[in-house]
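Trainee: As you go down the protein sequences, you meet chains A and B in turn. Using the working numbering, the first residue of the first sequence is number 1, and each one after it goes up by one. Using the working numbering, the first residue of the second sequence is number 1, and each one after it goes up by one.
The set of hints was computed from the structure by calculation and includes no laboratory data. Backbone N, C-alpha and C define an ideal beta-carbon position, used for all residues, glycine too. Check before you lean on any hint, since a few could be wrong.
Stated by the list, open to error - Residues on chain B that point at chain A, a partial pick, calculated with CB under 10 Å:
| id | residue |
| --- | --- |
| 1 | Gln6 |
| 2 | Thr7 |
| 3 | Leu43 |
| 4 | Phe45 |
| 5 | Arg55 |
| 6 | Asn59 |
| 7 | Ser79 |
| 8 | Thr98 |
| 9 | Pro99 |
| 10 | Phe105 |
| 11 | Pro108 |
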Amino acid sequence: QKEVEQNSGPLSVPEGAIASLNCTYSDRGSQSFFWYRQYSGKSPELIMSIYSNGDKEDGRFTAQLNKASQYVSLLIRDSQPSDSATYLCAVRESGTYKYIFGTGTRLKVLA
Amino acid sequence: KAGVTQTPRYLIKTRGQQVTLSCSPISGHRSVSWYQQTPGQGLQFLFEYFSETQRNKGNFPGRFSGRQFSNSRSEMNVSTLELGDSALYLCASSLTPTPSYNEQFFGPGTRLTVL
């Protein structure tokens, strides 16, 4: 069973700080990685996708991928209370292309 | 462009009943996947449809079934409902299953409560 692992948190950071969310995956053949944000009672919303080793920046969000270490992370700069949510890491399984989701990290940004 | 739509948004059923949930993908999207989300198990993959054919299936009992129509709309059915089927059922669509970088977008979900 291929797995995606995340620390469940909560991860608490003060407003304006950098929040760092981490994810590891077991499928060495995976090529595509995604971060979703899910507010309580809502559905997941895609915020970042990354396919190549290195960093990808979009506004306050930076996704980082290291395929050799099977590790993907999401950095949120200048964290705001509105960033408080659960962040889900998703990996597309090699061969089937199914999405495998982690259980999510709950982020709390303290005003 | 309209997003993924799901109906109904909320359902209350009793044990033993069956239920049908509906999903309309983003216009132009032909791949539809279904997920079950519970607090204890997180997001669990149910099945994926593309061109009216089931491409992938998760580890759920046969009580869970689905189908896709020629217009890419999809339905999932749960027969003989059990208390443990209470969950948020999410539909997600993407252009096609491949290539792997195709992004997947979620609908608002259907909250099913089984009494």
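Trainee: Would you mind marking each hint as holding or not holding in the structure?
Mentor: Comparing the hints with the structure gives:
Contact between glutamine 6(B) and chain A, as hinted, is supported at the beta carbon level, the nearest pair being about 9 Å apart and thus within 10 Å. Taking 10 Å as the C-beta cut-off, the interface hint given for threonine 7(B) is violated, the closest approach to chain A being about 14 Å. Given the 10 Å rule on beta carbons, the hint for leucine 43(B) holds: about 4 Å separates it from the nearest Cβ of chain A. Among the interface hints, the one on phenylalanine 45(B) holds; its C-beta lies about 6 Å from the nearest C-beta in chain A, closer than the 10 Å criterion.
Given the 10 Å rule on beta carbons, the hint for arginine 55(B) holds: about 8 Å separates it from the nearest Cβ of chain A. For asparagine 59(B), the shortest C-beta to C-beta distance to chain A is roughly 9 Å, which falls under 10 Å, so the interface hint holds. Contact between serine 79(B) and chain A, as hinted, is not supported at the beta carbon level, the nearest pair being about 24 Å apart and thus beyond 10 Å. Given the 10 Å rule on beta carbons, the hint for threonine 98(B) holds: about 6 Å separates it from the nearest Cβ of chain A.
A least Cβ separation of about 8 Å between proline 99(B) and chain A falls short of the 10 Å threshold, and the interface hint therefore holds. Given the 10 Å rule on beta carbons, the hint for phenylalanine 105(B) holds: about 6 Å separates it from the nearest Cβ of chain A. Hint status for proline 108(B) relative to chain A: holds, with the closest Cβ pair at about 5 Å, below 10 Å.
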